[in-house]
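Participant: Take a look at the letters that make up each chain.
Protein chains: 2
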Amino acid sequence: MTFTTARRMDLIKPNAVGELLRFGSDPAIISFAGGYPDATLFPREALAEVYRQAIAEEGQSSLQYTVSNGPEKLREQVAGRLVEQGIQCSADDVLMLQGSQQGLDLVAKLLVNPGDVVITESPTFLGAPIAFDPCEPRYRSVAMDDDGMDMDQLEEVLKSEPNIKFIYTIPDFQNPTGLCLSLPRRRRLIELANQYNCVVLEDTAYREVRFTGETLPTLKSMDTEGRVILLGSFSKILAPGLRLGYAVAERGFIEQLGLLKLAADTQCSTVNMAAVSLYLSRFDINAHIATLQGNYLRKKNLMLDAIRQHFPQDVRCTDPQGGLFTWLTFPDGFDTEAFMRRRAVPEAKVAFVPGASFFAEAPEHNHARFNFSCQSDDKILAGIAALGLALKSEMAMGA
Amino acid sequence: MTFTTARRMDLIKPNAVGELLRFGSDPAIISFAGGYPDATLFPREALAEVYRQAIAEEGQSSLQYTVSNGPEKLREQVAGRLVEQGIQCSADDVLMLQGSQQGLDLVAKLLVNPGDVVITESPTFLGAPIAFDPCEPRYRSVAMDDDGMDMDQLEEVLKSEPNIKFIYTIPDFQNPTGLCLSLPRRRRLIELANQYNCVVLEDTAYREVRFTGETLPTLKSMDTEGRVILLGSFSKILAPGLRLGYAVAERGFIEQLGLLKLAADTQCSTVNMAAVSLYLSRFDINAHIATLQGNYLRKKNLMLDAIRQHFPQDVRCTDPQGGLFTWLTFPDGFDTEAFMRRRAVPEAKVAFVPGASFFAEAPEHNHARFNFSCQSDDKILAGIAALGLALKSEMAMGA
Numbered sequence: 001m002t003f004t005t006a007r008r009m010d011l012i013k014p015n016a017v018g019e020l021l022r023f024g025s026d027p028a029i030i031s032f033a034g035g036y037p038d039a040t041l042f043p044r045e046a047l048a049e050v051y052r053q054a055i056a057e058e059g060q061s062s063l064q065y066t067v068s069n070g071p072e073k074l075r076e077q078v079a080g081r082l083v084e085q086g087i088q089c090s091a092d093d094v095l096m097l098q099g100s101q102q103g104l105d106l107v108a109k110l111l112v113n114p115g116d117v118v119i120t121e122s123p124t125f126l127g128a129p130i131a132f133d134p135c136e137p138r139y140r141s142v143a144m145d146d147d148g149m150d151m152d153q154l155e156e157v158l159k160s161e162p163n164i165k166f167i168y169t170i171p172d173f174q175n176p177t178g179l180c181l182s183l184p185r186r187r188r189l190i191e192l193a194n195q196y197n198c199v200v201l202e203d204t205a206y207r208e209v210r211f212t213g214e215t216l217p218t219l220k221s222m223d224t225e226g227r228v229i230l231l232g233s234f235s236k237i238l239a240p241g242l243r244l245g246y247a248v249a250e251r252g253f254i255e256q257l258g259l260l261k262l263a264a265d266t267q268c269s270t271v272n273m274a275a276v277s278l279y280l281s282r283f284d285i286n287a288h289i290a291t292l293q294g295n296y297l298r299k300k301n302l303m304l305d306a307i308r309q310h311f312p313q314d315v316r317c318t319d320p321q322g323g324l325f326t327w328l329t330f331p332d333g334f335d336t337e338a339f340m341r342r343r344a345v346p347e348a349k350v351a352f353v354p355g356a357s358f359f360a361e362a363p364e365h366n367h368a369r370f371n372f373s374c375q376s377d378d379k380i381l382a383g384i385a386a387l388g389l390a391l392k393s394e395m396a397m398g399a
Numbered sequence: 001m002t003f004t005t006a007r008r009m010d011l012i013k014p015n016a017v018g019e020l021l022r023f024g025s026d027p028a029i030i031s032f033a034g035g036y037p038d039a040t041l042f043p044r045e046a047l048a049e050v051y052r053q054a055i056a057e058e059g060q061s062s063l064q065y066t067v068s069n070g071p072e073k074l075r076e077q078v079a080g081r082l083v084e085q086g087i088q089c090s091a092d093d094v095l096m097l098q099g100s101q102q103g104l105d106l107v108a109k110l111l112v113n114p115g116d117v118v119i120t121e122s123p124t125f126l127g128a129p130i131a132f133d134p135c136e137p138r139y140r141s142v143a144m145d146d147d148g149m150d151m152d153q154l155e156e157v158l159k160s161e162p163n164i165k166f167i168y169t170i171p172d173f174q175n176p177t178g179l180c181l182s183l184p185r186r187r188r189l190i191e192l193a194n195q196y197n198c199v200v201l202e203d204t205a206y207r208e209v210r211f212t213g214e215t216l217p218t219l220k221s222m223d224t225e226g227r228v229i230l231l232g233s234f235s236k237i238l239a240p241g242l243r244l245g246y247a248v249a250e251r252g253f254i255e256q257l258g259l260l261k262l263a264a265d266t267q268c269s270t271v272n273m274a275a276v277s278l279y280l281s282r283f284d285i286n287a288h289i290a291t292l293q294g295n296y297l298r299k300k301n302l303m304l305d306a307i308r309q310h311f312p313q314d315v316r317c318t319d320p321q322g323g324l325f326t327w328l329t330f331p332d333g334f335d336t337e338a339f340m341r342r343r344a345v346p347e348a349k350v351a352f353v354p355g356a357s358f359f360a361e362a363p364e365h366n367h368a369r370f371n372f373s374c375q376s377d378d379k380i381l382a383g384i385a386a387l388g389l390a391l392k393s394e395m396a397m398g399a
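Just so you know, the sequences run in chain order A and B.
Position 1 of the first sequence, counting from 1, maps to 1 under my numbering, and the rest follow consecutively.
Position 147 of the second sequence, counting from 1, maps to 147 under my numbering, and the rest follow consecutively.
Hints are supplied without guarantee of correctness; some may be wrong.
Heads up, the list lumps identical chains together, so a pair's fine if it works in one copy or across two of them.
[Claimed, not checked] Here are the simulated lysine-lysine pairs, DSBU-like style, with alpha carbons at most 30 Å apart:
no.	residue 1	residue 2
1	K73	K379
2	K73	K349
3	K349	K13
Derived from the structure by calculation, the hints contain no laboratory data.
Here the structure is a predicted model, which is why all the values come from computation and not from measurement.
Can you make the complete structure from the sequences, with help from the hints?
Facilitator: So, in structure tokens, the structure goes:
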């Protein structure tokens, strides 16, 4: 049959994310593409033990349906960890999600009519526009520098657009740049959101993977008017295969997001929520995170040193204090997507994410996102060296 | 802050589903409300073993991200089970979902513009309109009798409405009535869908829990034009806490639903998909389903016998050949919701679902859905007896 899709589907196109996930599963390619944590560091023994307990001892409840927002115990544990970070909240302010990605889908459903404006950083997480697109927003994007989103430009946008629904930001180790929003800008962002009365969607997926420098307060902890919806995730600090994230916000938001969650998929996996709750009770997740931090710092340094050694001098990269990514900027006119398809994958057998995918408005083609957390030390060195060779051929040809 | 929600939120109201899940977790109440399978029959030992293997032996992949549609092996296994049921399909025609509920959300997103028409059975699964509502459809509902949806009335609706996007049907052991669509009507439904060129959304969540009578072919197996999207689930045959379902359809549908799935929550839980795949390889799910069938037949008979014994003669109920539910019809003018709030919960300590929740258009108030799979034999007998007493008081008062 031929069928007519809904209007929103005009916006939904095959995109880079699906391809990344495929590169990640091809053993012939060294992939710096996906936002994958290091699989060798998953706490497998501890997780095997809590799943055993959840299923063998508590299976009558942990394999059954549960309350849609997530079991109260787990929501208390999530709230408890956030209280330690200076966020006033309790279990009732928490909604468990199928990864923080689901929060992007639900917040757009909650707030966005077709044509309403969503403000993103430029560049921004490529999973965000694809989640927002079904609600048909218009995007306005705000440039970043080393201190994060440019607040003067943000104010210009806030002044010029009447129907702004929310500002989407990743203040800590932003995806894709690895950069943080500075403390003065965090204060200013909250002031601007208050002044122009819009919601702030704060994505903290990478926040706890800080391996150097001082922790900055969340926007949510500075929020005196209940306008920040914080999204968090266990994907980077425990394991992405659990698909567990959460939203923390004013109860009015949580109630409505909870109705949308119930409608979208009933609830998260009871057994995964039970296992994570047991893990948080029985094991020291902060000690596990400290292990991740040490490893990711080493790998970040390894990758940056190798880039400096093997890549042409005029390729720059960010030096992040946490997270999983560094953001590369190639000379003007260099097209990273063409390079990846022509040389990086077929010749060097290395994948990354061309930067154009990360722009909600005008794409820039001379950037790339490199993940440093996923591959082994050896593969980081081999991959960057091979890419360096391919880059030099490419640039020599272009010159 | 006060915030303006999107227009679609006008349709999203607190509803019966959330309340049901709460009744299900209150130990003081005997709840016949939720669509819960019998938790004592979950194959806990087998599941504990496959989770052990998935995490301890294969954790580096099973705790990591995977391809968004689900691992190929699992999709092959799902397709293989459907091929045995006469459906031509392969792994590429399968999309793994966060329960079949997610399929309802994604199919509406794929097809429905505001104001487009969705046809449902009357009554219909109460989780369906809440999933469709964010896309702002208009509903036309078609009455049911003992042979399922009335095909003449369906044709009238198809003739009268130009913008019908899909027909939503649960042909096997429908939720809430427990009834099946007869074979001649299945043939006619496919003819009508072909004639009026609409998609059929076939929800088979209860299909494999047939405990008596002959299996009828799926609509998908009769579909010669690729217009049926079949939704299936492991919730009723394995465990709902895994949150695993699937869509099977033409590749064009699967590709677009896959993009929406990726945007909505990236993927299902890798560890749950790995565990179910191992379960299907190592254990005999059909033998497990046969155990469920025997138990649910016994419980269905127990509940129906108790209803006949304790309830007034003029309360009728369906006698399903499978599934989890019987549908009760009380005398005209009896309001099951008022009865539940006034007497059933506070006096008899028994919950069920008042029927009005199951109507997408004009609600009827003299029905109720009773689940017979979840409670123990003793609680079924005690709950129905207590309800019988409360009913007699209520009806005496009303008379």
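Participant: Does each hint fit the structure? Answer for all of them.
Facilitator: A quick look at each hint next to the structure:
1. For the identical chains of this complex, K73 and K379 are inter-copy neighbours only, at 27 Å across copies versus 41 Å inside a copy, given an alpha-carbon limit of 30 Å.
2. For a Cα distance limit of 30 Å, the shortest separation of K73 from K349 across copies, 25 Å, qualifies, whereas the shortest one inside one copy, 46 Å, does not.
3. In this homomeric assembly, K349 and K13 come within 30 Å of each other (Cα to Cα) only inside a single copy, at 26 Å, whereas the closest approach across copies is 52 Å.
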